[in-house]
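K.L.:
Protein chains in written order, with the UniProt record's numbering: chain A, 1 to 278; chain B, 1 to 283; chain C, 1 to 320.
Everything labelled a hint here was simulated from the structure, so no lab data went into it. Misleading hints may appear alongside valid ones.
Straight-line alpha carbon distances no greater than 20 Å define the calculated PhoX-like cross-link-like pairs of lysine-lysine that follow [what the hints assert, rightly or not]:
hint: 1; chain 1: A; residue 1: K231; chain 2: C; residue 2: K299
hint: 2; chain 1: A; residue 1: K231; chain 2: C; residue 2: K165
hint: 3; chain 1: C; residue 1: K283; chain 2: A; residue 2: K231
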Amino acid sequence: MTSIGTGYDLSNSVFSPDGRNFQVEYAQKAVENGPTTIGLRCKDGIILACEKLITSKLLVPGSNKRISTIDRHIGIATSGLVPDGKHFTNRAREEAISWRRNFKDSVPVASLADRMGSYAQAYTLYSSVRPFGITAILGGADDDGPALYMIEPSGMYWGYFGAATGKGRQAAKSEIEKLNPTELTLLQGVKEAARIIYVAHDDNKDKEFEIEMTWVTKDSKSATAAATGGKGMVWNGWVHEDVPKELLEEASKEAKKALEEDDEDEGETKEEKMDEDL
Amino acid sequence: MFRNNYDNDSVTFSPQGRIFQVEYALEAIKQGSAAVGLRSKTHVALVALKRNAEELGSYQKKIIPIDKHLGVALAGLSPDARVLSNFMRQQSMASRLLYKRPVPVARVVNAIADKAQVNTQHYGKRPYGVGLLIAGVDETGPHLWEFQPSGQILEYFGAAIGARSQSARTYLERSFESFPDVSRDELVLHGLKALRDTLQQDRELTTENTSIAIVGIGEDLKQYDGPRVKRFLDLLGEDGTRSQRAARLDTAMDVGGGADDDDDELAGLLGPGEGTSAMDTTE
Amino acid sequence: MHRTGLSLGIHQLEHTQPSSRLNHHHHHHSTTTASTNYLHTLSSSHLSQHHQDLQIESITMNQFPHGWGRPRDDVYGAYDNSYLNESQPITHTQRPIVTGTSVLGVKFKDGVIIAADNIASYGSLARYDNVERLLQVGTHTVVGAGGDISDMQYLHLLLDNLLIKEQYPADDHQLYAPQVHTYISRVLYQRRNKFDPLWNSILTAGADPKTSEPFLSYVDLKGTTYSAPALATGYGAHLAIPILRRHVADEEAVSNLTQEDAQKLVEECMKVLWYRDARSGVKYSWAIITKDGVTTGSKEIENQSWKFAEMIKGYGAQNI
Numbered sequence: 001m002t003s004i005g006t007g008y009d010l011s012n013s014v015f016s017p018d019g020r021n022f023q024v025e026y027a028q029k030a031v032e033n034g035p036t037t038i039g040l041r042c043k044d045g046i047i048l049a050c051e052k053l054i055t056s057k058l059l060v061p062g063s064n065k066r067i068s069t070i071d072r073h074i075g076i077a078t079s080g081l082v083p084d085g086k087h088f089t090n091r092a093r094e095e096a097i098s099w100r101r102n103f104k105d106s107v108p109v110a111s112l113a114d115r116m117g118s119y120a121q122a123y124t125l126y127s128s129v130r131p132f133g134i135t136a137i138l139g140g141a142d143d144d145g146p147a148l149y150m151i152e153p154s155g156m157y158w159g160y161f162g163a164a165t166g167k168g169r170q171a172a173k174s175e176i177e178k179l180n181p182t183e184l185t186l187l188q189g190v191k192e193a194a195r196i197i198y199v200a201h202d203d204n205k206d207k208e209f210e211i212e213m214t215w216v217t218k219d220s221k222s223a224t225a226a227a228t229g230g231k232g233m234v235w236n237g238w239v240h241e242d243v244p245k246e247l248l249e250e251a252s253k254e255a256k257k258a259l260e261e262d263d264e265d266e267g268e269t270k271e272e273k274m275d276e277d278l
Numbered sequence: 001m002f003r004n005n006y007d008n009d010s011v012t013f014s015p016q017g018r019i020f021q022v023e024y025a026l027e028a029i030k031q032g033s034a035a036v037g038l039r040s041k042t043h044v045a046l047v048a049l050k051r052n053a054e055e056l057g058s059y060q061k062k063i064i065p066i067d068k069h070l071g072v073a074l075a076g077l078s079p080d081a082r083v084l085s086n087f088m089r090q091q092s093m094a095s096r097l098l099y100k101r102p103v104p105v106a107r108v109v110n111a112i113a114d115k116a117q118v119n120t121q122h123y124g125k126r127p128y129g130v131g132l133l134i135a136g137v138d139e140t141g142p143h144l145w146e147f148q149p150s151g152q153i154l155e156y157f158g159a160a161i162g163a164r165s166q167s168a169r170t171y172l173e174r175s176f177e178s179f180p181d182v183s184r185d186e187l188v189l190h191g192l193k194a195l196r197d198t199l200q201q202d203r204e205l206t207t208e209n210t211s212i213a214i215v216g217i218g219e220d221l222k223q224y225d226g227p228r229v230k231r232f233l234d235l236l237g238e239d240g241t242r243s244q245r246a247a248r249l250d251t252a253m254d255v256g257g258g259a260d261d262d263d264d265e266l267a268g269l270l271g272p273g274e275g276t277s278a279m280d281t282t283e
Numbered sequence: 001m002h003r004t005g006l007s008l009g010i011h012q013l014e015h016t017q018p019s020s021r022l023n024h025h026h027h028h029h030s031t032t033t034a035s036t037n038y039l040h041t042l043s044s045s046h047l048s049q050h051h052q053d054l055q056i057e058s059i060t061m062n063q064f065p066h067g068w069g070r071p072r073d074d075v076y077g078a079y080d081n082s083y084l085n086e087s088q089p090i091t092h093t094q095r096p097i098v099t100g101t102s103v104l105g106v107k108f109k110d111g112v113i114i115a116a117d118n119i120a121s122y123g124s125l126a127r128y129d130n131v132e133r134l135l136q137v138g139t140h141t142v143v144g145a146g147g148d149i150s151d152m153q154y155l156h157l158l159l160d161n162l163l164i165k166e167q168y169p170a171d172d173h174q175l176y177a178p179q180v181h182t183y184i185s186r187v188l189y190q191r192r193n194k195f196d197p198l199w200n201s202i203l204t205a206g207a208d209p210k211t212s213e214p215f216l217s218y219v220d221l222k223g224t225t226y227s228a229p230a231l232a233t234g235y236g237a238h239l240a241i242p243i244l245r246r247h248v249a250d251e252e253a254v255s256n257l258t259q260e261d262a263q264k265l266v267e268e269c270m271k272v273l274w275y276r277d278a279r280s281g282v283k284y285s286w287a288i289i290t291k292d293g294v295t296t297g298s299k300e301i302e303n304q305s306w307k308f309a310e311m312i313k314g315y316g317a318q319n320i
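Based on the provided sequences and hints, a complete structural model is requested.
P.N.:
Now the structure itself:
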């Protein structure tokens with residue numbers, strides 16, 4: 001941040017003498033304070049999860065969603081400026097619909113990630129716009145199986161086995177690294193995701209939160225999924241939908257319990273240590 | 001208050017990743033008088049405080065009906081509210097024409113949110129300077145949403161926007177758990193009590209300055225102004241002035257401009273009091 | 001006069017230029033503005049005079065290059081350019097190409113049954129025999145289409161996209177048959193107003209998941225909508241409707257009709273259509289929609305008897 005005040009950070013699309021675009025970096029700052037959001041690529045699907053802080057008890061629980069459906073087989077979770085996330089999501093939906101119109105086929109996840117990366121990049125090119133204040137985690141499945149991508153404000157995107165962004169991303173990342181993505185099933189993934197969100201939650205702030213979690217699965221039990229897929233419909237059989245409520249509640253309960261036990265363990269060891277010291 | 005380099009437009013992030021122009025637009029809401037919304041299992045009510053710019057002038061509009069099942073209350077720049085509400089009316093009519101369906105509340109709210117976001121990302125545009133409370137009933141029951149110039153939308157059991165609205169929020173937070181089962185009149189009454197808490201000490205709710213709208217399952221949106229408000233004010237009883245509790249709060253916090261984040265630095269620019277002047281378009 | 005320049009013609013407008021020199025010199029063909037007019041007059045008068053000269057000379061040679069290699073006007077008369085006239089009205093679809101025939105729909109007390117065969121004809125040729133003309137739209141709606149198959153497929157694309165968009169908000173709202181029917185009717189009516197219709201007649205059938213109320217409605221390529229306890233498109237409108245009305249004349253009859261009877265009724269009508277509609281097929285799809293959702297199936301016309309055909313002149317090896 002040494003270049004603050006030198007004037008090279010006041011406009012988008014301007015390089016500083018050392019070759020940086022500060023406005024893009026500042027946009028990333030908007031994400032760093034956003035809610036912890038993760039994506040897991042499992043053997044048999046994708047999990048998207050985010051920590052939703054309850055800023056007021058007057059808010060309707062379960063409303064005000066942060067994870068959205070792009071097409072039947074793709075979901076997106078964004079962290080950062082919520083309205084920017086909505087705009088980005090809408091664009092992804094348009095791309096998916098356009099793909100359907102052109103090819104009568106569901107858009108492959110990689111193709112959508114590529115287009116959305118380009119879209120984000122375009123907003124770093126002109127002084128008349130600002131970059132998106134979000135990172136987006138895009139998860140879905142196609143003929144090549146489940147796929148997960150994370151797109152940054154710069155337009156850069158990578159494919160992931162596990163992706164994390166937002167405030168608790170560091171803690172979340174180190175938890176994700178302990179997993180074995182080639183063996184992980186969706187059902188295990190739900191529990192892991194819940195646990196990771198709990199671990200990454202900042203206890204010091206002590207705010208209440210709820211977990212929002214969706215998955216992309218091939219065996220959906222929903223009535224809508226059952227009603228889809230007749231001749232004349234374009235669908236590859238994968239569904240992005242909310243993780244069933246009971247499953248999420250169970251996973252949250254377990255995650256909370258595990259965390260409390262960990263805390264107790266830590267507490268004990270501390271006390272023991274103090275005893276020793278005495 | 002002093003300027004910084006990053007608050008000239010809505011296409012510049014500050015080093016902390018903030019967009020000041022959007023944050024300033026949020027301040028414009030607080031320049032307007034308060035509006036309160038709340039919902040029960042069957043109804044949603046909006047109540048709002050109207051201002052008159054001068055003694056001989058009329059009181060300004062605070063509630064705009066959109067459709068039979070939908071209405072909004074506003075705080076901030078009323079011309080901006082008119083643009084947004086006209087857009088909502090179009091959406092509403094399009095839904096009826098295309099699907100023979102009253103537009104679902106969440107969708108029309110999402111539509112204005114998307115519209116507002118664009119204004120925060122392009123040079124030469126400005127964010128809208130108005131906050132809205134959107135009340136409506138659809139297939140999934142009654143809904144209350146808050147809209148902000150940032151493009152943020154949130155669904156609430158009870159919400160308040162505008163000058164000194166924190167007092168109203170405090171009231172709502174304390175009593176919202178009883179809202180689901182209250183009657184239509186009681187719901188309005190809770191709204192009026194919340195609204196009353198936003199008043200300055202020497203003011204009271206009157207038939208002139210109070211606006212009410214209510215919509216319910218199987219019941220079209222109905223707006224009450226002028227003499228028709230009297231019935232509700234009578235229900236409110238007492239003298240229509242702020243509750244003792246709110247007055248105490250004020251004293252405790254030694255506040256002129258409100259017990260909350262309403263520290264109106266911008267108010268001074270616009271005129272005396274809470275930023276009301278004859279030329280002022282904020283409501 | 002100068003002040004009223006706005007209402008004057010170009011010629012006079014030039015007079016209103018502030019330069020007095022311009023005014024004076026206007027008739028002397030010496031300024032730029034004026035010389036344009038001069039050139040115009042000069043060239044046109046020059047040409048017309050030249051033209052007269054050529055007409056006299058054209059007995060020996062036509063000097064207009066565009067006339068070279070063409071029949072001589074003085075021998076064959078003026079050249080008829082009318083074939084170059086491109087001011088024909090723009091036309092869009094004027095007829096269907098590959099077509100499906102009837103769709104039948106009957107309301108019964110707990111729902112609706114809808115059926116359509118699987119033939120797609122190219123004129124009188126039964127070109128395809130496995131075309132699905134019933135589309136399930138959401139959990140409680142089925143749309144059946146007669147008429148142009150490619151237009152139907154386009155409509156299916158629209159409905160598929162509509163369904164996806166409907167799922168975006170994840171807010172428990174759903175499109176049911178009345179909404180789907182209204183949407184289709186708006187699309188068809190809009191297209192007919194562009195004089196580029198989607199060449200279909202459509203039945204939308206559904207049931208309300210809460211009230212179990214059956215829904216059945218018709219819309220055609222002109223955007224005309226129509227509702228009745230029993231509906232049929234195409235040849236079915238002529239051959240099946242009279243039979244259907246005998247059983248379900250009104251809503252009261254609907255509330256007395258069981259699902260089994262409705263199924264039998266449709267089977268009977270499909271059989272009549274198979275006998276008498278030369279564009280029909282022996283295999284058909286059916287769907288039943290009740291408050292519990294959609295069940296679909298496929299069926300072939302059973303117990304056929306073509307004995308009656310022997311009475312028909314020209315059928316088979318008859319000796320008359």
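K.L.:
Could you work out which of the previously given hints the structure breaks and list their numbers from low to high?
P.N.:
none
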